[in-house]
Each structure stands twice: as structure tokens, then as C-alpha cells.
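Student: Two chains, two frames, some hints: make the complex.
Respectively, the protein sequence lines represent chains A and B. Residue numbers for the first sequence follow our numbering, so the first one is 1 and each next one is one higher. Residue numbers for the second sequence follow our numbering, so the first one is 1 and each next one is one higher.
Hints are not guaranteed to be accurate.
Partner residues aside, some chain A positions facing chain B, computed with beta carbon under 7 Å [what the hints assert, rightly or not]: (1) Asp81; (2) Val167; (3) Gln177; (4) Glu181; (5) Ile184; (6) Ser211; (7) Ala213; (8) Tyr215; (9) Pro219; (10) Leu235; (11) Ala243; (12) Val245.
These aren't lab readings, by the way, just hints derived from the structure by calculation. Every residue gets a Cβ at the ideal spot worked out from N, C-alpha and C, and that includes glycine.
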Amino acid sequence: MKFLVCISNVPDTTTKITFTPDNKEFNKAGVQFVINPWDEYALTRAIELKEAQGSGSVTVLNVGEADTEPNIRKALAIGADDAIRVNAAPKDAWFVAQQIAHYAKEGGYDVILMGKESIDYNGFQVHGMVGELLGIPTVAPAMKLDMSGNTATLEREIEGGKEIVEVNTPFVASCQQPMCEPRIPNMRGIMTARTKPLKVVEAVGEGAATSVAEYALPPKKQGVKLIPAENAGELIKLLRNEAKVI
Amino acid sequence: MSVLVVVECDKGEVKKSSLEVASYGAQVAQALGTTATAVAVGEATEANLAQLGEQGITKVLFDNEPRLKDFVNGAYTKLIAAAAQQEQSQVIVLANSNIGASVGSRLAVRLKASLATNVVELPKIEGGQFTVKRGAFSGKAFADMVLSGERKIIAVKKNSIEAQHNAGQTAQVEAFSAQLSDADFADAPKQVVMQDQAGGILLPEADKVVSGGRGMKGPENWHLIEELATALGAATACSKPVSDVDWRPHHEHVGQTGITVSPNLYIACGISGAIQHLAGVNSSKVIVVINKDPEAPFFKAADYGIVGDVFEVLPKLTQAVKELG
Ligand SMILES: Cc1cc2nc3c(=O)[nH]c(=O)nc-3n(C[C@H](O)[C@H](O)[C@H](O)COP(=O)(O)OP(=O)(O)OC[C@H]3O[C@@H](n4cnc5c(N)ncnc54)[C@H](O)[C@@H]3O)c2cc1C
Ligand SMILES: Cc1cc2nc3c(=O)[nH]c(=O)nc-3n(C[C@H](O)[C@H](O)[C@H](O)COP(=O)(O)OP(=O)(O)OC[C@H]3O[C@@H](n4cnc5c(N)ncnc54)[C@H](O)[C@@H]3O)c2cc1C
Numbered sequence: 001m002k003f004l005v006c007i008s009n010v011p012d013t014t015t016k017i018t019f020t021p022d023n024k025e026f027n028k029a030g031v032q033f034v035i036n037p038w039d040e041y042a043l044t045r046a047i048e049l050k051e052a053q054g055s056g057s058v059t060v061l062n063v064g065e066a067d068t069e070p071n072i073r074k075a076l077a078i079g080a081d082d083a084i085r086v087n088a089a090p091k092d093a094w095f096v097a098q099q100i101a102h103y104a105k106e107g108g109y110d111v112i113l114m115g116k117e118s119i120d121y122n123g124f125q126v127h128g129m130v131g132e133l134l135g136i137p138t139v140a141p142a143m144k145l146d147m148s149g150n151t152a153t154l155e156r157e158i159e160g161g162k163e164i165v166e167v168n169t170p171f172v173a174s175c176q177q178p179m180c181e182p183r184i185p186n187m188r189g190i191m192t193a194r195t196k197p198l199k200v201v202e203a204v205g206e207g208a209a210t211s212v213a214e215y216a217l218p219p220k221k222q223g224v225k226l227i228p229a230e231n232a233g234e235l236i237k238l239l240r241n242e243a244k245v246i
Numbered sequence: 001m002s003v004l005v006v007v008e009c010d011k012g013e014v015k016k017s018s019l020e021v022a023s024y025g026a027q028v029a030q031a032l033g034t035t036a037t038a039v040a041v042g043e044a045t046e047a048n049l050a051q052l053g054e055q056g057i058t059k060v061l062f063d064n065e066p067r068l069k070d071f072v073n074g075a076y077t078k079l080i081a082a083a084a085q086q087e088q089s090q091v092i093v094l095a096n097s098n099i100g101a102s103v104g105s106r107l108a109v110r111l112k113a114s115l116a117t118n119v120v121e122l123p124k125i126e127g128g129q130f131t132v133k134r135g136a137f138s139g140k141a142f143a144d145m146v147l148s149g150e151r152k153i154i155a156v157k158k159n160s161i162e163a164q165h166n167a168g169q170t171a172q173v174e175a176f177s178a179q180l181s182d183a184d185f186a187d188a189p190k191q192v193v194m195q196d197q198a199g200g201i202l203l204p205e206a207d208k209v210v211s212g213g214r215g216m217k218g219p220e221n222w223h224l225i226e227e228l229a230t231a232l233g234a235a236t237a238c239s240k241p242v243s244d245v246d247w248r249p250h251h252e253h254v255g256q257t258g259i260t261v262s263p264n265l266y267i268a269c270g271i272s273g274a275i276q277h278l279a280g281v282n283s284s285k286v287i288v289v290i291n292k293d294p295e296a297p298f299f300k301a302a303d304y305g306i307v308g309d310v311f312e313v314l315p316k317l318t319q320a321v322k323e324l325g
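Bound conformation, chain B alone (with noise of 0.2 Å):
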């Protein structure tokens, strides 16, 4: 009966998103009077696994197949599924990522189960009826949703639960087998491509978070952004204009229609703050706004703000930033 946390891993760790997804696991299980164990997908070392004991994961199922290490929508789907059935869970809880969406909404169907995704805090139990509040409206709003079913899928927003860490806890990696065979890898993928990251740091998975819109006038100045960026630990992002002329490759576009993200920090640098671009950023901790027009609308969504030129302020911050050492 216990909860079933699903852990992505990439070149052998645990990413950050799935930590936060494995806390909320351990604790819905401790409400639930019951165990966590995790079920890992990708690249994973079992020394990483069994550190996840510090995110309140009692026991880690591991199927070492080679295969597993790029993303495979029918071999992860079966996969997680054999392991819900062998941990008997009624609640299985997983990210809410490319990855968490394609195979939960999959085993939502094949396990009969009321599937919640982008949901933002822990549940409130009731009996056996789970209530979630997930994000919905693109950003704009909240929903306390119902899960009726028996069963339950979670996918957890990042950024939404703060991942624990009690040291020295570890958790016991057990071999796994799904007995998956080659039909479950006819949707392998052919080739992966991964891109060149600033600094290597993934927007989706950023803390910090520097983005550039039209005012940055061009491709031309963006070492600007990407200076402040590199200083500060962070992803690079851009509106959706910015991406459209190709002054910056899609997947940095935030917003309604781009990625949604929920950093700590994130600084728009003359991005004008339409409602659609909003809706991709609001749920961010702390929004800084420089831009030259006091009157622009991201200020009204701002925590601090400079009413300037990006291109005095910008070197300014990077300055200031290294500063602090």
C-alpha cells in the first residue's frame, strides 16, 4: 500500500524536481500511515538512489535496463505500472514534466486512476478522497480539484514544495524487473539531441531566471543578459516576440504559450509584461523589472523594479553581483 514516488535521473543524479517530487511523496505517505518508495527512470547510479532516504524514501526499485536511460513513453509507462502493482500504492506521485505528463496521463488509464496534473500543494485527505490545488488558467488562477478515484496520480509542479533533507538517511535500492521486452521500446527514440545551455543550467529546472524581450533591441546584445545570467547561477529565457524573429531559440519562450516557470528570481530585462507573458512567470517567488517606461504593466507585478536602460543597468548588476563574491 505504499506511495509510489517516480524519480527522474539524469547522468546518474537525481534531478532537483524529483526530489521535491519524492518529499511530497514521504509525506503524503505519513499521512497516510504508510511507507514511501521510489521507482527511478534514466541515467541513475544506486548511490544517488539510496541518498534519496533524505527525502523521507524508505525503499528504491531500480531495474538496471540499459534501455531505460533515454526517455521511452511505453517502457516507463509499464515499467511504473508493474511497480505500482508488486508496492500494491494507491497514490502515485510523479513530476510534473514532459516526462511525468506523457506517462501519467497514460497510466491513468491503465490503472483506473483520477490523474491531477501541475498541482501545487500537498493534498487534504478526507477518507479516501484526496482534495489538490493545482494551477490552472495558464497561471492566471487556482483550482482545488476532487480526485474521486480509488486511485490516485499526482504530478507535482516544481518549484512548489521545498525539498527535505534529513542527513544521513538512506534508503535501500532493490534490484526491479518489469520483464520489458523490445515491443515495450518501439517508440525508442532515433537520435537525442540536448542543447547548449548557458552555463548548463536548464530553464525548467532553473532557481534564477534572466530574460530579455523586445527592448534588448537584438540577438546582438543578449551577452548582456547572458553575462548577468552566468553571474547569478541562472537559465536565460525571452518573450515570445524575442523567439519568433529568432533573436533566441524556442524553447527559452515563457509565457501562455512557451514554458511556464516558477523560479525563485526572475529578472525581465525590457520585456513589456503582457498578460500572456505574465500568465507563463507569476508564480515566480521574487520578479525584478527593469525597463525604460515607468508605465510598462510587469511593474505592477513586480516585487523590485528599475525604471531605465537595460543596457547601463544591466552591466551595472553583473558588476554588483560579482561584487558579492
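Isolated chain A (complex conformation) (with noise of 0.2 Å):
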């Protein structure tokens, strides 16, 4: 089975956020980008779910430029067998979506993965738009996978529970934790890794559907308020009283 796992390249989670002075763009400087935590989840599913079966194969996928190559190579690292860098500056999930659902389709790959949402922009919406693009069924976010021949079974969160769910490949599905317990590369993985098959190809589609006029920090907190733990009782009437929240 042919495992398709898409990586987006985001800032550190510990990142303190500024912007350029004029706060039209993310002020990279000094920030050190890491895969996003939930691909993780997706990209070690993979792995497993390949080791299980005893063939196919693990491909990574990244809408970025060159920069992201470090990223790429500890992916490989952990484990993919090969990757394709799509080599332009993700201008927008539309725009990502393009790119994965071409080179899915051009690849002939059964299962498609990613994570849940990007931790930078939050878009949690490119698994709906390539499974769209692909007329396939798309399972987000899933905290299970197991696959049995071409049927998979996942896990769906819904707010307050979980869907069971079962498709056919190929489908693309959105992970979370606890699917599994996310792999951190080996010395043996790290060697490996540099002679591993990395393909840059050109971007196809159209641009971007949206763009961002300006960013912003979220307004500064007043101080805090301290109240003595002999008096833990008067709290809870200043949270009535006076901040009105119960």
C-alpha cells in the first residue's frame, strides 16, 4: 500500500510570535521551524501501518521552498521511504490543497495523511479541500487508524465523543494524538536519511483564495489580582462581584 503523509514545516511550539514592523508578515527571525507536532502522529501511523503489512511504501510531501529541507530529511529520518518537495511558498490551504491533491493523484497513492491542523495558521481545512478536489472520502480528525485490506477504521472525534467510521482506500484522513506514539529519529535513520530519494517539483493550480491584510498580538492581560490562600472563599465573590462570570 502506497502511504502519502503531508508535512507542514512550522515555527517551534516554545516560539515567541512577532511580526515585521509594518505587521503584514510572521517575523521568521531567529525561529526555529520544526514538522508540525500533529503530522508527527500521521507520519508514524504510516510507518507502523507499512511495517505491519510488510510492503508499500512511505512518501512525504511539503509545499515549501528550500528552507525546508531539514524538516524533510528528519522525516525521512523517522522512518518515510522517499519525498517530493513542491517548491513554492504555501501561499494559503487552497493553494496547498492543489498541490497535495495533483501529485496524491499523479502518485496513485491509497491513503493520504496529515495532521489534524497547522499549528501557524489553524486552518484545519486542507483534508476537506484535497478530499474534495479528489472526490474521496476525508475522516477528520482521526485519533485511531487501523487498516484491514483496502478498509480502513478510524476513530472520529466529534465534540463530546467519537464516530466509528469505515472507508476504502483511498481516502485522506486528518491525525491526532492518541493514534499513536509519535517516533523520533535513530542514529541508523539520520545516516540513511541523506541518501533518500528527495524530489523537487514545480507547483500547478491556482493561487490563493484568501491573504492576510495585517497581524496582531493578543491585547495584554491587566495584571493579576492576588488573593490570599487563608481567604480562598473571597474569589469566588469577586468572580461574581465584580468580573460577572458566575
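Tutor: Right under this line is the structure:
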């Protein structure tokens, strides 16, 4: 079975977010980029399923410029077999989805996995766009994924519970915890990753459907009002009479 | 040309987040000089749908197909696309929920629309162009996003705008059929399993949240969190390490890699306030922190704080809530 895992290159979760002086762009200076944490679930689960099947392949795909290659190599070190980089700045979800759908179709992949959402732009929308472009089902967000032949059984999170869903290949799933324990690269993986194929291809399709006019940071808190622990009950009165939230 | 609003229903009731979505849609309609029509998904009743008039909805389209009770991506997408076509809607508003995102992203492609998720304010409308404010960087920032397409789909984040209640107004409920066939239900769930929620309050829908971290020391102490939550009518939540070691279920984990919540009140008990945790909670209106370490970073993001031992403070808070009556 052929797995395609889409990985997004995002600022490390500890990053303090700042913008360029005109507030029009994210300030990348000094920022460490990582594989989107949710995509690590997709990647590890694809590798586990391939290993369980004893055959097949795991390809990672990223839409990004050359500076994303260290993280693509990291995905290869974790255990993907080969990689595709669509050489373009990811302008928005619609642009990215067109690239994924095009190269997924071209490569004839059976299972397309991605993360629940990117932790930078928080779109939570690439999955559905790719599914719709290819005319195949999407399951989002998936907490569990098992395969038996061409049939996948997934647990899909819904508000307040979960649905057990069965779909046949090809399909798209966007992954989240507790699907698996994400793997980290080992020494052997890092050595072999250097020689695994990484194909660079050109972008296709239409441009973006959205753009950002301006970014802003959330308003600062006024400062904390401390209540002595002995008078803890006083807090409840403040929440009712001052903050008016209870 | 009316604005189409997707309302999610559960056990006959319109979800609170969908009341907000309905109000949002009605206000956009007013700004555009048109009306707002709702289309219902999930288990709905006509009587409750008619009450959407209070949120400013004029008409509700209701497909009485019983299989629409559970979320089915294919069928919901087709139903909403058919409603949008009948109403010639250029603007579709839905909740930024798992259902909203699943359906909204497919609709964006099918209807060739610009999609904005995670939206926190009403749009600025100039000519045919909408600019919407949306959360970005997992709660660490906002982006003003321009939707340039002729059609727009907006997914509204919970608790971002207030649901309006114009008492006495009713919406007209109309039978609607999207002519759904078996093929549209191909991805119907085999089974739906609902969680046992403390006091029946779902975390993503909750107004108040009581959350515990590693400072709670172990699952055997969670009754302290639950007792305060029950007294307040709050949902319970936890930090990531707590769910990683299975003290609490994964669906309670909030933060950058868990769920993002934006309640009116968030009470953090024995949580240090790591940047990844704050990302998931910092759009809460009021944050209370209880931590024995006065240097805990969470105090910098808090409105109220108690420097003290959770095991002593929590029972006092529960008692004080009960005394409020
Ligand atoms: C208005 C706007 C402006 C942006 N500007 C820039 C910019 O200037 N520079 C920049 O680098 N990025 C930029 N981005 C981010 C980039 O376009 C995102 O990769 C894209 O929007 C998808 O993010 P999302 O949050 O919508 O995806 P989601 O739907 O949240 O992502 C879900 C999953 O899709 C997959 N995925 C997402 N992005 C990619 C990708 N690029 N390659 C492969 N798989 C992917 C991942 O598996 C991810 O977990 C911008 C995004 C937006 C919305
Ligand atoms: C990629 C990545 C993603 C992450 N995503 C998330 C996420 O989504 N959500 C999340 O929560 N974390 C996330 N984390 C983890 C995060 O960095 C922190 O490790 C975590 O939030 C700490 O949890 P905690 O506050 O419960 O525990 P700790 O940091 O151990 O804090 C425990 C606190 O309890 C206090 N305490 C101890 N005993 C008492 C007592 N008796 N009374 C009162 N206070 C007491 C201590 O002073 C301390 O401040 C992520 C980390 C990474 C690397």
C-alpha cells in the first residue's frame, strides 16, 4: 500500500510570535522550524502500518521553499522512504490543497494522511479540500486508524464523543493524538536519510483564495489580582461581583 | 441571495455555538441588506428551530431524513450545497467545530468559495470584499484575512460573539429535501460513542472550565477538580502531561496540541503555564490560577490568582460556591 504523508513546516511550539514592523508578515528571524506536531502522528502511523503490512511505501510531501528541507530529511530519518517538495511558498490552504491533490493523484497513493491542523495558520481545512478535489472521503480529525486489506477503521472525534467510521482506499485522514507514539529519528535513520530520494517539483493550479492584510497580538492582561490562600472564598465573591462570570 | 447559516443540533436542541453562528449570520445579512436562512443538521425539532427567530433567522430549511441525525460528511456537504443553491447564498456561516471544518472545507472547493476558519469577529465589508479577524498561531496572534472570492464561507469560533435573543421572534420552518441517496451516506458512522461527561457539560461548548495539571499529583485527587466543576456548572480539563500518563482522557487535554477553549472562566489548578498550554486557553475571558509557586509563569497570564496549595484551596472554593447559592 502506498502512503502519502503531508508535512507542514511550522515554528517550534515554544516560539514567541512577532511580526514584521508593518504587521504584514510573520517574523521568521531566529525562529526554529519543526515538523507540525500533529503531522508526526500521521507520519509515525503510516510507517507502523507499512511495517505491519510488510510491503508498500511511505512518501512525505511538503509544499515549501528550500528552507524546509531539513525537516523533510528529518521525516526521512524517522522512517519515510522518499519525499516530494513542491517548490513554492505555501500561500494559503487552497493553494496547498491543490498541490497535494495533484501529486497524490499522479503518484496513485492509497492513503493520504495529514495532521489535524497546522499550528501556525490553524486552518483545519486542507484535509477536506484535498478530499473534495479528489472526490474521496475525508475523516477529520482521526484519533485511531487501523487497516485491514483496503478497508480502514477510524475513530473520528466529534464534540463530546467519537464516531467509528469505515472507509475504503483511497481516502484522506487528518490525524491527532492518541493515534500512536510519534517516533524520533535514531542514528541509523539519520544516516540513511541523507541518501533517500527527495524530488523537487513545480507548483500547479490556481493561486491563493485568501490573503492576510494585517497581524496583531492579543491584548495584554492588566496584571493579576492575588487573593491570600487563607481567604480563598473571597475569590468566588470577586468572580461573581467584579468579573461577573459566575 | 440570503446568508446561509448552518445550525448544528443535538438531542433536539440547537447547540449554543450554533446560536452564536445564527446571530453572526443574521448580522452579516443585515449589513448586506438581506435576510438569513438557516439549514439544520443533526437531531433537530421543528419547535426549537422556529425559535431561531430570536437570533434573527427568517427561515429554517429542515430535511427530515433520519440518517442526518449523526454526522455524515458526504450527506451534510450535499445538503448544505443544495440549500446554498436554492437560496443563492454568497455567504455561508458555520461553527468552527469538527463538523463545521469538515463540511466547510469540502464546500469551499465545491462552491469555489474563499474559506476562513477560526473567525472571532463580524466581518468588515467593503464593496464585495470581506475582511475577517481570525485566530492564528494557536491563540498566540490574530490575522485580518481578506476573502477575495465571490462566495465566502466563515467558520466562527465559539464564544467569540454573543448570541442575541429577541424574545418572541420566530423563524418559519420549511421542509427541504436535498434528495439524498444511499451513496451520500457511504461514510456514515458504524457506531457513535459518547463520553461520560462530568455533570454532562462538554468541554468544547463549556462557559466555565476547571482544569488540573501535574500539581494535582494523581488521578485519585481529581474529585477536588470535579467537585468545584460541578458546583460551578463547569467542564473539566487538564494539561498535556496529565493526559499523556492517562490520569485523564485525551479529549480533556487543552493547549497548542490539544483543544483550544475560550470559556468565560478558566480555573487552572497546579498547572505551570507553559507557552504551549497558554496557547490553548489564553482567549478565555477570565483566567484564575492556583499554584503554590509564586513564580509560576501562569500568573503572568492570569486575572486572579491564589498562591497556595491546591489541596487546601480547592475545597474552600467549592464550599464558597455552594454558599453563594
Ligand atoms: C493567509 C495565510 C498566509 C500565509 N502566509 C504564509 C507565508 O507567508 N509563508 C509560509 O511559509 N506560510 C504561509 N502560510 C501558511 C501556509 O499557507 C499553510 O501551509 C497553509 O495555509 C495550510 O495551513 P492551514 O493552517 O490552512 O492548514 P491545515 O488545514 O490546518 O493543515 C492541515 C494539514 O495539512 C498539511 N499541510 C498544511 N500545510 C502544508 C504544506 N505547506 N505542505 C504540506 N502539507 C501541508 C499538514 O499535514 C497539516 O497538518 C499562510 C497561510 C495563510 C492562511
Ligand atoms: C511540542 C509540544 C507540544 C505541547 N503541547 C502542549 C499542550 O497542548 N498542552 C499542554 O498543557 N502542554 C503541552 N506541552 C507541554 C508543556 O510544555 C508543559 O510541559 C506542560 O504544559 C506542563 O504541564 P503542567 O503544568 O501540568 O506540569 P508542570 O509544568 O510540572 O507544572 C506543575 C505545576 O504545579 C504546581 N504545583 C505542584 N504542586 C502543587 C500544589 N500542591 N498546589 C499548587 N500547585 C502545585 C507547580 O508549582 C507547577 O507550577 C507541549 C510540549 C511540547 C514540547
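Student: All the hints need checking, so say for each whether the structure fits it.
Tutor: These are the hints, each one checked on the structure:
1. At its closest, the beta carbon of aspartate 81 of chain A sits 26 Å from a beta carbon of chain B; the interface hint therefore is violated under the 7 Å criterion.
2. For valine 167 of chain A, the shortest C-beta to C-beta distance to chain B is roughly 6 Å, which falls under 7 Å, so the interface hint holds.
3. Checking glutamine 177 of chain A against chain B by beta carbon gives a least distance of about 6 Å; that is within 7 Å, so the hint holds.
4. For glutamate 181 of chain A, the shortest C-beta to C-beta distance to chain B is roughly 10 Å, which exceeds 7 Å, and the interface hint is violated.
5. Taken as an interface hint, isoleucine 184 of chain A does not check out: its beta carbon lies about 15 Å from the nearest beta carbon of chain B, beyond 7 Å.
6. Annotation: interface hint on serine 211 of chain A holds; nearest CB of chain B at approximately 5 Å, less than 7 Å.
7. Look at alanine 213 of chain A: its Cβ gets to within about 4 Å of chain B, closer than 7 Å, so that hint holds up.
8. Interface restraint check for tyrosine 215 of chain A: the shortest CB-CB distance to chain B comes to about 5 Å, inside 7 Å, so the restraint holds.
9. Because the beta carbon of proline 219 of chain A sits about 10 Å from the nearest beta carbon in chain B, more than 7 Å, this interface hint is broken.
10. For leucine 235 of chain A, the shortest C-beta to C-beta distance to chain B is roughly 6 Å, which falls under 7 Å, so the interface hint holds.
11. At a threshold of 7 Å, the smallest CB-CB gap from alanine 243 of chain A to chain B is about 5 Å, leaving the interface hint in force.
12. Hint status for valine 245 of chain A: holds, given a least beta-carbon distance of 4 Å to chain B, under 7 Å.
The structure is inconsistent with the numbered hints 1, 4, 5 and 9, although it conforms to all the rest.
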